[in-house]
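*Asks:* Next come the chains, spelled out residue by residue.
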Amino acid sequence: MQKKTMGKIISEVFDIPLEGISNVPCAELIGNTMLNIDGCIGIKKYECDEIIIRTKSYLLKVKGEKLSMLTFSQGRVSIRGAISAYLIEEI
Amino acid sequence: MKRFLYSKIEIIVSKKKKVLALDIILKNNLTYVKVLEKDEKTFILIYAKHYNQYKSVFEKYDIEYTTGKEYGLFYHFKKNKHRVGLFIGVFLFVLLSYFSSKLVWRINISGNEKFSDEEIEEILYNAGFSLGEYIPNIDYDELHNKVLLQSNEISWISININGTVANVEVKETLKEDNKDKSQYTNVISKYDGYISSVNVINGEKVVSAGNIVKKGDLLISGVINSQSEGVRFVHAEGDVRAYVNKEILIEIPLVSNEKQYTGKVYEEKKYKLFSKYINFSLKNSNYNDFCDKIEKTEPVSILGFNNLPFKKTTTKYYEYQIKEVTRTKEEAVELAFVELNKELDQALKTAELVSKTVNTYYKNRCVYIECDIYCLETISEEVQFFVD
Chain E
1 MQKKTMGKII SEVFDIPLEG ISNVPCAELI GNTMLNIDGC IGIKKYECDE IIIRTKSYLL
61 KVKGEKLSML TFSQGRVSIR GAISAYLIEE I
Chain S
1 MKRFLYSKIE IIVSKKKKVL ALDIILKNNL TYVKVLEKDE KTFILIYAKH YNQYKSVFEK
61 YDIEYTTGKE YGLFYHFKKN KHRVGLFIGV FLFVLLSYFS SKLVWRINIS GNEKFSDEEI
121 EEILYNAGFS LGEYIPNIDY DELHNKVLLQ SNEISWISIN INGTVANVEV KETLKEDNKD
181 KSQYTNVISK YDGYISSVNV INGEKVVSAG NIVKKGDLLI SGVINSQSEG VRFVHAEGDV
241 RAYVNKEILI EIPLVSNEKQ YTGKVYEEKK YKLFSKYINF SLKNSNYNDF CDKIEKTEPV
301 SILGFNNLPF KKTTTKYYEY QIKEVTRTKE EAVELAFVEL NKELDQALKT AELVSKTVNT
361 YYKNRCVYIE CDIYCLETIS EEVQFFVD
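Taken in sequence, the protein lines are chains E and S. Just so you know, the first sequence maps onto residues 1 to 91 in the working numbering. Just so you know, the second sequence maps onto residues 1 to 388 in the working numbering.
Don't take every hint at face value.
[Claimed, not checked] Taking beta-carbon pairs under 10 Å as the criterion, some of the chain S residues facing chain E (in silico):
1. I25
2. T31
3. K34
4. V35
Don't read these hints as lab results, they were simulated from the structure. Quantities reported herein were computed from a predicted structural model and do not represent experimental measurements. By construction, the Cβ of each residue, glycine as well, lies at the ideal position given by its N, Cα and C atoms.
Extracted from the complex, chain E is given alone in its bound form (with noise of 0.2 Å):
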């Protein structure tokens, strides 16, 4: 079973959204063709078919074909291509 974090418990019982309150990353996804994550500090891998990337507490894959990334600010990217997977493991 999930550990609950303090910012989860807080969030269920005064019902506010978790990203607001936690840092755990925030991802949108549209179609299948572009994702945007907020809350990211780094890049593990970079490849046509393949990203890694970081976040405080979670590792996001994102898996596909020519697969590239714009980033923002404030550790938020964009990522473009066909998108056939995603993946979060836990640090």
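Given chain E's structure and the hints, the job is docking chain S onto it.
*Replies:* Same frame as chain E, now just chain S:
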């Protein structure tokens, strides 16, 4: 367009350092446009304004990099900076494009009947408005007032600018009847004559058909004396026709000084752009002495465009000499009759010819024609008088 305007530069890192470079970029909140991989190298395209930031970050983390191609308008300027003519040309183009849309290129005039378009343009020019006028500086109220004050013949004017065309609408003053009916007048005779008919519109008739009158005699009086109303003054009006004698004398000398053209023609050309003249004549002599001048202005058509504010004025000077001419008697008589006919046309403009006698004679090396004409003409003329 945006891509063209903003300058961009490529930063090239090796493929091995790619992930490290991107990681550092992300951690330092740097942005880039695109990442490409080619020939074991990674090309990161960034905005040129961020280059210094990238440089300091890469140097800090000891990442080897090189710069590649440059893109954008500033790059093109840098590449062609030695081509001064190009920059001057671009600058002139921008300047001309901006200012040409702020100038009056054409003037359309409507509503004029008595005056020609050129005369209206002349009036506008005197009031400070012409082709090439800077549109934002035009004070329409002041211009309208100036035109109306300068010309009594125009009673209303409106100038509207549509793009670079000035549409000028005018209303000309209607010709007023010079007769002011409130004035007191008498009708008097213009010539000596034998009255044929008297038609009185207003006033008291003084003469009748059959009377002989002299020049200045009263024909219709503006003073009416009635038993019921006493003396009253009116604006006398009427039409009085009379038989009148007129004399015409023509004199043609056998020897005279006349103008004869030498055959030499001098030409001057000048061009008018908006309201400015550009003189293209090499010689600037004054041809006005002993030369007749004929000036012709026509629009210049460029590539089929006829409505440009560009005109050519060609002035031709025909040289002449004053020479003594000797005529024979027959030639002098012929010329005298030509002059007589001209005088008769003038004299009989408003008269009916009843009879004429012509006497031709020669005296003191001159041919004379005396012509007496007897005609029926309107001799009435209104003259104002004042009452204390």
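*Asks:* Is the interface hint satisfied for S:I25? The criterion is a beta-carbon contact with chain E at less than 10 Å.
*Replies:* 6 Å, holds
*Asks:* Does S:T31 pass the interface hint, meaning its C-beta sits closer than 10 Å to a C-beta of chain E?
*Replies:* 5 Å, holds
*Asks:* Closer than 10 Å between Cβ atoms is the bar; does S:K34 clear it against chain E? Give me holds or violated.
*Replies:* This hint holds: S:K34 lies near chain E, its Cβ roughly 7 Å from the closest one there, short of 10 Å.
*Asks:* Going by Cβ atoms only, is S:V35 closer than 10 Å to chain E?
*Replies:* Holds, because the Cβ-Cβ distance from S:V35 to chain E comes to roughly 6 Å (cut-off 10 Å).
Violated hints: none; the structure is consistent with every hint.
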